[in-house]
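Place chains B, C and D on chain A using the hints.
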Amino acid sequence: MIKILLFAYLQEEIGKDSLSMETDGCSVQQVKNYIHTHYPTINLDQVMAAVNEEFSFDEDVVKDGDVIAFLPPVSGG
Amino acid sequence: MIKILLFAYLQEEIGKDSLSMETDGCSVQQVKNYIHTHYPTINLDQVMAAVNEEFSFDEDVVKDGDVIAFLPPVSGG
Amino acid sequence: MNTELFSIVDVPIITDDVIQKVKSVNVGAITVFIGTVRELTNGKKTLSLEYQAYESMAVKKLAKIGEEIIEKWPNTKVAITHRVGKLNISDVAVVIAVSSPHREAAYEANAFAIERIKQIVPIWKKEYWEDGTKWIGDQLEKQSFESK
Amino acid sequence: MNTELFSIVDVPIITDDVIQKVKSVNVGAITVFIGTVRELTNGKKTLSLEYQAYESMAVKKLAKIGEEIIEKWPNTKVAITHRVGKLNISDVAVVIAVSSPHREAAYEANAFAIERIKQIVPIWKKEYWEDGTKWIGDQLEKQSFESK
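Protein chains in written order, with our numbering: chain A, 1 to 77; chain B, 1001 to 1077; chain C, 2001 to 2148; chain D, 3001 to 3148.
If you're looking for bench data, these hints aren't it; they were derived computationally from the structure.
Listed below are the simulated PhoX-like cross-link pairs for lysine-lysine, each with C-alpha atoms no more than 20 Å apart in a straight line:
1. D:3045 with C:2023
2. C:2126 with A:16
3. D:3023 with C:2045
4. C:2134 with A:16
5. B:1016 with D:3134
6. D:3126 with B:1016
Chain A on its own, in the form it takes in the complex:
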């Protein structure tokens, strides 16, 4: 199982700050597809992901126990 963290407008649109996904290992892109399947209004194609707090690419692998976060463009400062 992997944990999915959501922030900013993604958190508000989905109505949760985290989700779980049953998988032994898949790509970041597959997690994006999983979310789109369950929340069809959410499109994560242009959204950055971080796996275990490091920025990741769509083809990077997420393993059981990992935490993946979807990060809208940041606006701190």
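Frame of chain A; chains B, C and D shown alone:
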């Protein structure tokens, strides 16, 4: 009479923070010469002057009642 | 007082606490950047702001900016505190303090820090206006995240 | 608290007091420069410093720098406090605060202010070392005064 203000090393070398000079009007250069005459170790040729708190040139005129200050290179900040 | 050089807090930031963290006997210059909540942006009136952070990752990325700065400007020291939660007009959102023996490095490193915060630190801002709200994205007007 | 934007004081400077002077609802960025007394300069150990000012003229020249900044960077606000008298290591000699709606102007105007202080403000520094003292001149390594 004009008032002459001295700062930093000039103040220490002359041993006073101000001097007076009897004159109805003379140039900044003449004030420099006056000081050099009375304090031969002091050479003001490269020292900036301010008349009534504005930077001045050697040929500018100092009148009765004016305050002239000799300003070594500054080092604030 | 929180002594961490890089931190995310949900209480008002005391600027001087951040400054104290970078002081030492060989410091000749300290530059400080204070980001505050402005009332008007492009003519539109902001009532308040809400900042949200992915806190654990944000602290790591702030520390990474600190490492980048030490590499580019040796002998500097950096501390950054960013606030999250609801902020009102004039409240302080972020304080960056950089100390250095000489002033040039302190200015350059400080300006670098705020640019990098807007690129790689997972913190988001929601604006509250009279007629609605919006999560603000991508103030640099380009896709701001980069890969590790 | 002293409310003058430009001042020379003979007591410790409270950085936050200077910052407060430039705050307002349309400020999004405040930059602060804090000049402190450094222990080592070119490997030589400073014990203490003494600053002397031609105070009335120095205040005028600080205000002139403020005017130059408003002209170059409209919508900024500047406050500068310089301390005189005996200072020890780590003591604050000068604080420059610049506020602006946007950060670029705040950084640029602040760096401009410290350069101009070193050019036109009649303040002098005497260094006290273990083996003597010296009035320091011309840190910019050129004749720094210019004519009005």
